Amino acid sequence: MQQQMVEKRNSIFDVVDLNLWYDDFHALKNINLEMNEKEVTAIIGPSGCGKSTFIKTMNLMIQMIPTVKMSGQINFEGSNIIEGKVDLVSLRKHVGMIFQKGNPFPQSIFDNIAYGPRIHGIKDKKKLNEIVESSLKDVALWDEVKDRLNSSAIGLSGGQQQRLCIARTLATKPEVILMDEPTSALDPISTLKIEELITELKSKYTIVIVTHNMQQAARISDKTAFFLNGEVIEYDQTDIIFSNPKDRRTEDYITGRFG
Amino acid sequence: MEKQTTLSAKQRLIRSSSKNPGETRGKILVSLCALIIIIATLSITLFLAIKGLQSFIVNGLNPLEFLFSSEWNPTSSDPQYGALPFILGSLAVTLLSALIAGPLGIGCAIFMTEISTSIGKKVLQPVIELLVGIPSVVYGFIGLTVLVPFIRNTFSGSATGFSLLTGTIVLSVMILPTVTTIATDAMSSLPNSLREGSLALGATRWQTIKKVLIPAALPSLMTAIVLGMARAFGEALAVQMVIGNVRDLPGSLLDPSATLTTIITLNMGYTTYGSVDNNTLWSMGLILLIISFIFILIIRYLSARRKI
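Going down the list, the protein sequences come from chains A and B. Residue numbers 1 to 259, in UniProt numbering, belong to the letters of the first sequence in order. Residue numbers 1 to 308, in UniProt numbering, belong to the letters of the second sequence in order.
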């Protein structure tokens, strides 16, 4: 009992028997995954294996597609988010998401960061200033943009835009950050910066990252899940997955025999 | 295949650079099309400018009086040519109909792109295409038969039912498809990543529309309104049938009025070519052209400001 209590506190996402269909296509099959607080979980697998679909179920962004049906449980802090009416506003405030390509709004840098806090009801200018500054500092963008907070975010480089989007997510003070191939559109130097950022952020946030890049998963994650054809083939500590995988298919994938 | 490999790289490159006759013919054909349009536009503009300026140069009218006097008495013994009521009438119906059709059309576009794409595609799209297809004389006829009596019976301020308001309503319906179609294009061309980005931060659909999508599409939405205005400004027939065509400045929305286009269509049959009366109509045409040109400049300016 005592042990269970301790374990419960650590777990932030607990996915049980999750199945998902796009119309008739069975995209996720009996997914069972448990993610702990302040850990980086990497999700790897070949294209079309369901990893992006899976990460989009965690903040229910998948519901933007009307043909999706789901069964099973996704327990976020103990409550199942795919059952009954869930407050999407509150869920997404706590579970932020970063997309493949930086998607800043065509507004000023300041307004981009302040967007989240504003829609969640913060109007006080001084408080907004503080949030914008601290969020930008957290992603190491403050020094680069502090003199042009009022110019358009569209003028930033690709890597800066992606870091701006991370800052925009941090501004809503989430607990979990979902990242859907956040560096796939970036050059190696920008990628390195984002990876460094993830390593720093994990002291404060739980991070789930979908990546095509296995070196990236090995570098930054604590745990790795290997997806194949909508199933979780193996889920374990990252060093075990990459050094001593139990399943033959995992080994084939990470050694580059397919994928 | 075999033959090609025997040619040296240099020979092959020289061969491919030589044009075949179809290439040249095609180029001449499309260049000719472009040339015809350019010549037509230039000659119409030039003709209108020459004819439009004659009333000032040949007939010696004062351009300032023409533009700013509200006395229009071409048939009196001391004829006066003040076109201000018609200029203002044109601008009034244009602005007022944009005021009605703008929000309506943009709202419609948002419904079609953001709220219900299926109803939008299955119901609204065909309805709007139908509206475009109705000829303007039919709009005028419906306005005359339905709207004019309605206004007359509803508002005590309107004795006849022919009024600025009637013209405005007919024009609003006529430009609604233009505004809606272009606004729909503007909204649906916004990248989906903007919607995702906003929703993923916990914004509601309405917050996303209001704070991200509309601001992002604003220049294009303004273009939609201005294009609608350009159409309203040039429309003559339907307006002429319902607006009353009087030469006085309207005191209220319920007063009858006239526009540049309606005065031209009404009077062109009764004036002789080369007379002062006829030349003043050409001057009005020139004003129409200049204001339309201003609309185009506004659209160009807005397009240059597009953010995405």
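Please keep in mind that the hints were generated in silico from the structure rather than gathered at the bench. Do not take every clue at face value.
Said to hold, decoys possible - Here are the simulated SDA-like pairs of lysine to any residue, each with C-alpha atoms no more than 20 angstroms apart in a straight line:
id	chain 1	residue 1	chain 2	residue 2
1	A	Lys146	A	Ser108
2	A	Lys29	A	Val16
3	B	Lys210	A	Met64
4	A	Lys123	B	Lys210
5	A	Lys101	B	Ser189
6	A	Lys38	A	Lys125
7	B	Lys51	B	Leu35
8	A	Lys69	A	Asp24
9	B	Lys51	B	Asn267
10	B	Lys211	A	Val89
11	A	Lys85	B	Thr41
12	A	Lys173	B	Leu53
13	A	Lys125	B	Glu196
14	A	Lys38	A	Lys173
15	A	Lys101	A	Lys29
16	B	Lys122	A	Lys85
17	B	Lys210	A	Val89
All values reported here derive from a predicted model rather than from experimental measurement.
Checked hints:
no. : hint                : verdict
1   : A:Lys146 - A:Ser108 : holds, 12 angstroms
2   : A:Lys29 - A:Val16   : holds, 11 angstroms
3   : B:Lys210 - A:Met64  : holds, 18 angstroms
4   : A:Lys123 - B:Lys210 : holds, 17 angstroms
5   : A:Lys101 - B:Ser189 : holds, 17 angstroms
6   : A:Lys38 - A:Lys125  : violated, 31 angstroms
7   : B:Lys51 - B:Leu35   : violated, 24 angstroms
8   : A:Lys69 - A:Asp24   : holds, 9 angstroms
9   : B:Lys51 - B:Asn267  : holds, 16 angstroms
10  : B:Lys211 - A:Val89  : holds, 16 angstroms
11  : A:Lys85 - B:Thr41   : violated, 61 angstroms
12  : A:Lys173 - B:Leu53  : violated, 67 angstroms
13  : A:Lys125 - B:Glu196 : violated, 26 angstroms
14  : A:Lys38 - A:Lys173  : holds, 14 angstroms
15  : A:Lys101 - A:Lys29  : violated, 28 angstroms
16  : B:Lys122 - A:Lys85  : violated, 30 angstroms
17  : B:Lys210 - A:Val89  : holds, 16 angstroms
When the structure is compared with the earlier hints, violations turn up for hints 6, 7, 11, 12, 13, 15, 16 and for no others.
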